[in-house]
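Both chains are sitting in their own frames, so use the hints and assemble them into the complex.
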Amino acid sequence: DGGITQSPKYLFRKEGQNVTLSCEQNLNHDAMYWYRQDPGQGLRLIYYSQIVNDFQKGDIAEGYSVSREKKESFPLTVTSAQKNPTAFYLCASSITGTGSSGANVLTFGAGSRLTVL
Amino acid sequence: KQEVTQIPAALSVPEGENLVLNCSFTDSAIYNLQWFRQDPGKGLTSLLLIQSSQREQTSGRLNASLDKSSGRSTLYIAASQPGDSATYLCAVRQIAAGNKLTFGGGTRVLVKP
Chain A
1 DGGITQSPKY LFRKEGQNVT LSCEQNLNHD AMYWYRQDPG QGLRLIYYSQ
51 IVNDFQKGDI AEGYSVSREK KESFPLTVTS AQKNPTAFYL CASSITGTGS
101 SGANVLTFGA GSRLTVL
Chain S
1 KQEVTQIPAA LSVPEGENLV LNCSFTDSAI YNLQWFRQDP GKGLTSLLLI
51 QSSQREQTSG RLNASLDKSS GRSTLYIAAS QPGDSATYLC AVRQIAAGNK
101 LTFGGGTRVL VKP
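The listed protein sequences derive, respectively, from chains A and S. The first sequence: position 13 = 13 (my numbering), numbered continuously. The second sequence: position 80 = 80 (my numbering), numbered continuously.
Chain S on its own, in the form it takes in the complex (with noise of 0.2 Å):
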């Protein structure tokens, strides 16, 4: 059974330090990785897809990272800003189970200004 799992748990950092969160999953058959945003009582919003084929995309001052082979993925957020604090989450796609996402538990960001 799939497992993804999100280190640290909560994580605060000062204005304009670089973010880097970590996501982990145990089953290398997916086919692909895909980062969220949630703000408090809020839905999620995708910030950033990559294919398995793929080993990293950008967006802005985003950027992803995949080794699928290790079974792990990084976010990247540079120079953060206090409108950076939320929840991150990240999900894969697996092959099996009905091509299912299982999400991990999330990483919560408070950026201090």
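Next up, chain A with everything else stripped away, as it sits in the complex (with noise of 0.2 Å):
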């Protein structure tokens, strides 16, 4: 079945670590994203790409970095400088990532929890 997998689906963290958060997509869609959850709120926009090897900034992207090597993967990486990730994070693709059509909806993978310890 096609989809989206994220994992690790719970994570924990010392501060001042890093940590990477995969994401891995089948559904040969060319747009990919990652945004964070936090109680009560909706989500918020982190980074996105569009084609392999490119990507831009949402509106939370301080303390996060990304990469688009494959079209099949965009894993999130939480650096030190994040300075308060404890959140969920929800990874989604989309067929295009442009235009008004019905190929920019969103599927979303299970999500991962990170804690800070």
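Among the clues, some could well be false.
[To be verified] Chain A is faced by these chain S residues, among others (derived, beta-carbon under 8 Å):
{"hint": "1", "residue": "34"}
{"hint": "2", "residue": "105"}
{"hint": "3", "residue": "106"}
[Claimed, not checked] Label-pair distances were calculated between CB atoms; the ranges are:
{"hint": "4", "chain 1": "S", "residue 1": "3", "chain 2": "A", "residue 2": "18", "range": "31 to 37 Å"}
{"hint": "5", "chain 1": "A", "residue 1": "3", "chain 2": "S", "residue 2": "59", "range": "16 to 22 Å"}
{"hint": "6", "chain 1": "A", "residue 1": "16", "chain 2": "S", "residue 2": "95", "range": "40 to 46 Å"}
{"hint": "7", "chain 1": "S", "residue 1": "70", "chain 2": "A", "residue 2": "20", "range": "40 to 46 Å"}
{"hint": "8", "chain 1": "A", "residue 1": "5", "chain 2": "S", "residue 2": "20", "range": "33 to 39 Å"}
{"hint": "9", "chain 1": "S", "residue 1": "63", "chain 2": "A", "residue 2": "54", "range": "36 to 42 Å"}
{"hint": "10", "chain 1": "S", "residue 1": "65", "chain 2": "A", "residue 2": "81", "range": "40 to 46 Å"}
{"hint": "11", "chain 1": "A", "residue 1": "96", "chain 2": "S", "residue 2": "112", "range": "38 to 44 Å"}
{"hint": "12", "chain 1": "A", "residue 1": "15", "chain 2": "S", "residue 2": "15", "range": "43 to 49 Å"}
Simulated from the structure, these hints should not be mistaken for laboratory data. Beta carbons: idealized from backbone N, C-alpha and C, even for Gly.
Listed below in structure tokens is the structure:
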């Protein structure tokens, strides 16, 4: 079955450590996204990529980094510069990232919960 | 800057009652609006997508309307069931700002048997 796989599901990090969250999709989608969700709040965009080897900052990119070396993969690194990294992280993809057609309907992974100890 | 608001933040209804969930947005220059469902600790599942030129979309017991000029969308769920208990989020795709999605904070729904 096609879909998006995020790993790990749960992750604990000590202060000062960098951690990387994995996101893999087998939907052949061009666009991929990383969102952060805090309790009782909507999703906020961290980074997005509309094509391989290209990505753009979202609304809250500070303290995060990404790469898009393969179409299927869009890993997110939470660096020690992120002051409040405890949150639920969601990866998503869409056929395209532009335009008004239904091709930009998002499909989401199951999420990764990061807790800083 | 686009702002998306969902009121109320939480809603509890008895089984069988119709659900009405509201979403409002400040900038009407949108491509489309999407409704999602999120179960606790899980990702989001897309329910309905309404293009900016459409007035409503229907899927089974779900009906979503869009009034772009007033910046409002409403999701109706007919004859609610306990399995409808979840958080419902709306998101708008803006024409400006790099074609990004802006999400509301969600409405947490509890359907009591």
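Right, here's what the structure says about each hint:
no.: 1; hint: 34; verdict: 7 Å, holds
no.: 2; hint: 105; verdict: 5 Å, holds
no.: 3; hint: 106; verdict: 6 Å, holds
no.: 4; hint: S:3 - A:18: 31 to 37 Å; verdict: 33 Å, holds
no.: 5; hint: A:3 - S:59: 16 to 22 Å; verdict: 20 Å, holds
no.: 6; hint: A:16 - S:95: 40 to 46 Å; verdict: 41 Å, holds
no.: 7; hint: S:70 - A:20: 40 to 46 Å; verdict: 44 Å, holds
no.: 8; hint: A:5 - S:20: 33 to 39 Å; verdict: 35 Å, holds
no.: 9; hint: S:63 - A:54: 36 to 42 Å; verdict: 38 Å, holds
no.: 10; hint: S:65 - A:81: 40 to 46 Å; verdict: 43 Å, holds
no.: 11; hint: A:96 - S:112: 38 to 44 Å; verdict: 41 Å, holds
no.: 12; hint: A:15 - S:15: 43 to 49 Å; verdict: 46 Å, holds
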